[in-house]
Structures are given as structure tokens and as C-alpha cells.
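*Asks:* Chains as they are written, first to last, in the numbering used here: chain A, 2 to 457; chain B, 2 to 457.
Possibly wrong hints are sitting among the right ones.
[As the list claims (entries may be wrong)] Label-pair ranges, simulated between beta-carbon atoms:
#1 GLU122/B with TYR123/A: 46 to 52 Å
#2 GLU98/B with ASP456/A: 34 to 40 Å
#3 ASP268/A with ARG317/B: 57 to 63 Å
#4 ARG50/B with ASP386/A: 56 to 62 Å
Because the hints were derived from the structure by calculation, they are not lab data. Backbone N, C-alpha and C fix where the C-beta goes; we use that ideal spot for every residue, glycine too.
Listed below, chain by chain, are the residues.
There are 2 protein chains.
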Amino acid sequence: MTDRLTPLLNVLKGEFGDRLLTSYAVREQHGSGESHLPPALPDAVVMVRSTQEVSTLLKACSDHRVPVIPFGAGSSVEGQIHAPFGGISIDLSAMDEILSVNEEDMDCSVQCGVTRQTLNEYLRATGLFFPVDLGAHATLGGMAATRASGTTTVRYGSMRNLVLGLTVVMPDGEIIKTGSRARKSSAGYDLTRMFVGSEGTLGIITEVSLRLFGIPETSQTAMCSFETLEDATQTVVMAMQCGLALNRIELADILQMQAINSYSKSDLPESPTIWIEMTGSSVAVQHDMEVFEGLAETALRFEPATTAEDAARLWRLRHDAVYASRALRPGIKGISTDVCVPISQLPGCINTIQDVIAKTTILAPLIGHVGDGNFHLVLLYDPQDPDEARDAQMISKELVEMAQSMGGTCTGEHGVGLGKKAYLPAEHGPALGVMRRIKHALDPLNIMNPGKIFDD
Amino acid sequence: MTDRLTPLLNVLKGEFGDRLLTSYAVREQHGSGESHLPPALPDAVVMVRSTQEVSTLLKACSDHRVPVIPFGAGSSVEGQIHAPFGGISIDLSAMDEILSVNEEDMDCSVQCGVTRQTLNEYLRATGLFFPVDLGAHATLGGMAATRASGTTTVRYGSMRNLVLGLTVVMPDGEIIKTGSRARKSSAGYDLTRMFVGSEGTLGIITEVSLRLFGIPETSQTAMCSFETLEDATQTVVMAMQCGLALNRIELADILQMQAINSYSKSDLPESPTIWIEMTGSSVAVQHDMEVFEGLAETALRFEPATTAEDAARLWRLRHDAVYASRALRPGIKGISTDVCVPISQLPGCINTIQDVIAKTTILAPLIGHVGDGNFHLVLLYDPQDPDEARDAQMISKELVEMAQSMGGTCTGEHGVGLGKKAYLPAEHGPALGVMRRIKHALDPLNIMNPGKIFDD
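Same shape as in the complex, but just chain A:
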């Protein structure tokens, strides 16, 4: 590798000048991310500014057979930006131009380094917005590459549903465009959906076209406490079947509520809790909120927000949940699990894993996108304590295996990266072989983010 690296770095120095960075600090920042995994540093970082530059870089890396790892905001949690085989980290964060917004067609086109926050600020005057709202300050290119989702996915879908088209640089430097601005198409293979979620293993996404939506006329929020998880999820099932105007529906368990009360100095009931947000016309929202209150007959307490400030307060409690969790064990980052199961399986899945957790010393508060059947446990363990480390791994593994046995998936929205790789054979069976054949056909030299999703 070193043999191949030096001549490549000479080429890149000529092409990119001082935008080729090799300092330890920069490499460490680019090889860590938000993951609990130990860092794995690239040999160098290149700050690119255009699709053409990405093409130049990939061609050079291809010629020298050196790995390439795309980097956006560094917010991935499963080691997607790690460089286990070294190579070049392409930092795409400077590709942050909003290329076009078409208000009539409710779509836009952005460079991959634009964050969702930047896009939504830009859109404010138009009355339109882009709905995928994950917790991280992620780039839209990274969100596409990881098939990200968030609290409003129950209403609008994930990146899978909302990307209209992509510009992608292939391993040999070829630039392709997938999809179109048409809302739907039956014109050949759905390459857009193939690159969405491919985590930089097939090509590098440099531009993203997205669907936009009108900001709803009104929104209303409520919190709802239940005695049991079954009562909570059964209410959600009924609400989903009724097609209520749910924009968000989020679940926290008892430990999470305790953590929130402790962290936020709040006085919420410490029992399984649902936050809901309805959006739409005033009459529809009011009607649907009343229907929901009627459906939630097992609720211990139903607390609608009375003002916009009150709604903001309730959602801030939800959004701070991860910090509240970590505050249960200061200095500990934890593993964030990410299984997604059919909603009917949610109480069984949660109760079973909580029984497993109870036999250990691990604290594991739960927060989830209950309308999608996706939830996160933050497994708070001390990496220096081998017993805790073993227990945390055991819980994570048992949870994934249970989710898969229930018809679910090991990752609802975080992606595979390095962290979930071991679970794909059980989840996909022989279909994993088909994925490998696609990988091999499109990246025969295996330079694109090698070691992610599957081993070569």
C-alpha cells in the first residue's frame, strides 16, 4: 500500500495543492466520526470543490488502486467514514452549493455537502421545506448515502423516497446522472435507489435532487403516558390504521423518561410515553387530535401542548433524549442500537430485550420512531470494563437476532458501515451474494470505501 501511496500523493499534491492534508489531527478527525468504534485513519484527506475534482481524484486512486472514503459532516455512527485499509478520505463538505430550487415543481438540487439545516433555512421564504430530520447535523449527500430517516419519516418517508436523482462519480472517474426531475419513471433500473444507502461503496454522490413539501398550515403536539408499552404501541397501531395526520410519533420507555426528568429538571410521568405531532389544516389537525385522544383510552395522561412554545418545549425534551441518556453515565458514549421491526412485534421485542438488559449492569434507555417500528437503545457501558463491554455486545447481538427473526432489520436508519456488517448474512441470506456481485461489477478494484457493508 505504501508503495502505491507515495506516487498517488505526488499526483494529488499536483492536482490539489494545499487541499491535500496529511496532518495527524486532520486524519484523526476524518477517521473517527460519531461512532463508538475505535478510529481508523486515512493516509490523507483531500478537500474537493466540484464533481470534476471528485472524478479526477477517483481516477487517480483507481490508477493507483488506493482506497477512497467519502466524508461529509462526519456524523455517521457505524464507522462509515473509517479507513480500515487507509487510503484517501474525500472531504466533500465544501461542496455546499444549493444549485436550484423549483418552487412550482416542489423540488431542488443541491451539492452533496449542503446540510439539511442549511437547505431549510434557504427555503424558508418559499413556504417549502425538506422533511427528513435526523438528529445529526448531517450533509444531504451523506444522508442519501446512508439512506437516512428521522422523526417525520412516518409521514414523508426516508431518503429512499425523497431523492429524485443523483450525480455520482464512479470508481474510474466516470460521472453519471441517475433519475430525472419527473416524479415517477419506469425507464430502466432504479439506479437512484441503488446508490441511496450504498454508503460510498459503489460510487460517490456529488449532487442530490430532492422532493420538497409545502409547510403545513398548522401543527399540534401532545404527550401521552401509558402504563405499559403494549398500551402505547396498540394506540399507535390504531392511529396508523385510521390514517391520522401524524407528522411525528415517538416513544420513550421508563428509564428514558427518568433520564429526561433528571437531565431537563422536568416532572413528567415516569412511564412509557408517546409524543405526537399532527400537521395539516386546522380543522383536520383538531379533528385528528380528538380522534387520537379517543383511541388512547388506556392512557394515564394526555397532555396537549397549549401554545407553540409549549409544543417546542415538549419536542426539546424529545430531542435532548440522547444527551439525557448519556448523562446517566457521564463520560460514556454508548452503542446506539437501531433495529426496526413490524410494529406488532415492538412490545415483544422491547420487553424481551429489557429482560436481557436487566440481567446485566448496563443502563439502556429507549427512544424510538414508533410509527415505523424503529427504536434506539443507548447501551451505556464502560469500554474499559471487559464485562460491561461483553454484555453490551451481547445485548446488541441478541437484539439484532430477535429483530431479524421477527421479520425486521438490524438497521433502520444508521446503515451498516463496519458495525453491522456481521449481521447481514443472516438478514439477507443468498441476496447478499447478489449485492456482492453488483459491488464487484461496479467496483472491480474494490477501492470504494472497502470493508464497509461487507468484506471483499
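Fit chain B to the given chain A structure using the hints.
*Replies:* Chain B in isolation, oriented as in the chain A frame:
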């Protein structure tokens, strides 16, 4: 080919007995479909009953390097079921079992030969339904393979959005399962979306898992006439931006309205017309219908259906539009165009092509899924008349090229088959090469529906 065919037929005779059919009548039926293209007959038809049988058949065809063409209901319009290189047509229509319905999770699993009508009848007692409602009596496997959509796609999305997972038999007979019952997943490449729309060129879909939805509490229908197409589409743009509870929004042009009046003995205004259907709670529907009426300030006439029977009458006029079109020239089937463009481009696209049409003798009524920017012209030409045939081809070609230049696609929902193949290089550019590489990687012998989507 004949050299390879005879030993294969001997093998298949042993495996399938009298479910191997070689009569001309059966082969003709399986090599025609609803397409305007001349028939191209397979050498034999095999009626299969299970995924395992499809596997056995594909393995045999692979061993003998004989083409395989999947056949569901025979409703495809672009020659997807044609056998330009002969081979075996696999008739999947007997695989018509509904395997499971999960009411709480609002999903189901069916064999590929189940039609959407059969599924919805089966679901009636559950209060759930499957929304994709194309005109044809198609199978759900065929709808997945063609990435089909329909009038409710503006609300629920197309087959692309609503398939959760698939069972697919690969060319060598290997059986794989894609996706899961989870609502979302980031676990590797989106093989489900790769097979959806692949038209049998990569593998044969034998089972389909689908999302279901609760039947809305109420629905309300209206028809709305405008002086110009611009007025009509501008109203649609505003309605889409407001996020109204539109379930369907369909457009017809003047000639289509004349055809409908003539065919259905109705007395509707012969001007650009929109049908809308709102669904949801009573209060939301009533509110949104009032908002729509307010937005439609340029409308010449706004006619809400006053009863369910009246609504059914208005939608029957819409659904009979294709028959009304054909009745303008009895005995003529016509080419159905299928472009899809950004909605802002719709008036320009339609007006320009109507100017082109006006210079010919071709009648071409227009009906469209205006909320998606997708519309169909039925180009009524006499295939025996070389001038008309040339003009029809010219109109079709000019329309596609214009749609592509507007950021649209040659096919919104009918697929590529044989009929749209020539337009893919312009639409996809070098991305078509990526599709070919995937095809070659997964079907190296090119036995899967060869000649469809692209030439070898």
C-alpha cells in the same frame, strides 16, 4: 437456438407434463399483450405453480441457454411479454395465493399472480386496501416488475414506494429474498428497488410483500373545467403546494372531453377538465375541497359530486376515457404515450405536442395523472397507412425528446420493454452503461427477457 430448444423441451416435458404448452394459439396469446407492437411468439409456454418450479425452469433454461420471458396477466403495453428471440414464456398466473395479511402491521404477502382487484376484494373485511390502481387487470408481480402506478400515486406513491420485499428467482435458479417486513432499513443495497421495474431482465419475481393502508373515512369528488391548460395546471400546482388531501387529480384535454361526451352520451363542457378526489376525515375533506374551489378561481365550472353515485358516475367517465378515445376511430388501437415531466413543464409540453399533432391527420386525445406530471396521448393511427404510421412515430418521438429535454422521462409507468428502448441512451447517458454492467453481472448468459430495456 433450435438445437438448444429440443433437448430443453424434453427436460421441461418431464418436469411439467401437460403444463408445457406449444400450441400456436397459446403461444400467440403469450406473445402479444396489450401492446401496439406486432406479436413475437415464444417457442413454448410453461404454467408454473410455485417458486420452486420457477427455479427448476430457470435452471433448465440456463443450462440450455434458452431465453425466459415472464408472463402475468399479459397487460403490458410496451412489448414486455414479447419473445423476440423465442424461448420459454413462464406463465405465472396460477401463482395466485394470498400468503399472509398482517392487519396490525398493515402489510401483506402475495404470490406474483394475484391481481390487485383480487387482493382488494380479499382485504375488504379488514378495512385495509392496496392503493395502486392502474387501468389494467394486472398481476401484482407484473406491476412490481414494471414499476407500475395509477391515479392514486399522487397520494400513495407507485409500486416503487409500496413494495416491502420480494422473492426473486435468479437466472441460475437461485431463490433470494429481498427487503424485510420492516418499514424502513439501511441494511445494504436496495435490491427490492432494483428488481422493481427491471421487467424480468434480472430475475423473476415470484412473491411480493406490500404495504397496505386504512380505507379513508370519507371521499369527495369534483370536476372542474378551465379555459386553458395553463389555468388547469396552475390550479394543480397550488393544490399540491397546499398539501391538500388529494387522492386523485386527473386531467383531460378538449378532444378527450369531446370523445367522452360522444362515447358516454354526456354533456360535459368540452374544455380542459380536472377530476379531483379528496379522501380523509369528513372535516378535512370538506375543508380541503373548499380550499381547492377557492384556488380554482380561473375555473369555468366547478361541479362537486353530490352523492356517492354521482361521484362514481364522474369517475366512470374518467375510467372509460381510453375506450372513448378508441371509439373516435373504431378498430384502431393506437400508441399510448407515457411521458412524465416536472409539473411546471406540463402546459408547455402539451401545447407544443398538440401543435405538432395538428399538422398531421392523427387524432390524439389526452388523459393524465396531472399531479405527477404524467400524461397519455392515444395516438390513433391506421397501421396500414404508411403516412399515418410515420406521423404517429414522429409524434411519439418528438414528445419523448421534449419531455427528456424538460428534465422528464420517456415512461412514467408503462416501462421500457421493446417500445421505449431507443430512448434510453438519451435519457440516461453513461448511467445506461451502469445498468448494462448490472445486467451482465446478474444475467451473464442473457437469458432473462433478452432484448427488453436494452439490447445485449
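*Asks:* Each of the hints needs a verdict: does it hold here or not?
*Replies:* Results of checking the hints against the structure:
1. GLU122/B with TYR123/A: 46 to 52 Å: Holds, since GLU122/B and TYR123/A (Cβ atoms, about 48 Å apart) stay within the stated range.
2. GLU98/B with ASP456/A: 34 to 40 Å: At 38 Å between Cβs, range holds.
3. ASP268/A with ARG317/B: 57 to 63 Å: Because 59 Å falls inside the window, the suggested range holds.
4. ARG50/B with ASP386/A: 56 to 62 Å: With a Cβ separation near 57 Å, ARG50/B and ASP386/A satisfy 56 to 62 Å, so the hint holds.
When each numbered hint is compared with the structure, no violation occurs for any of them.
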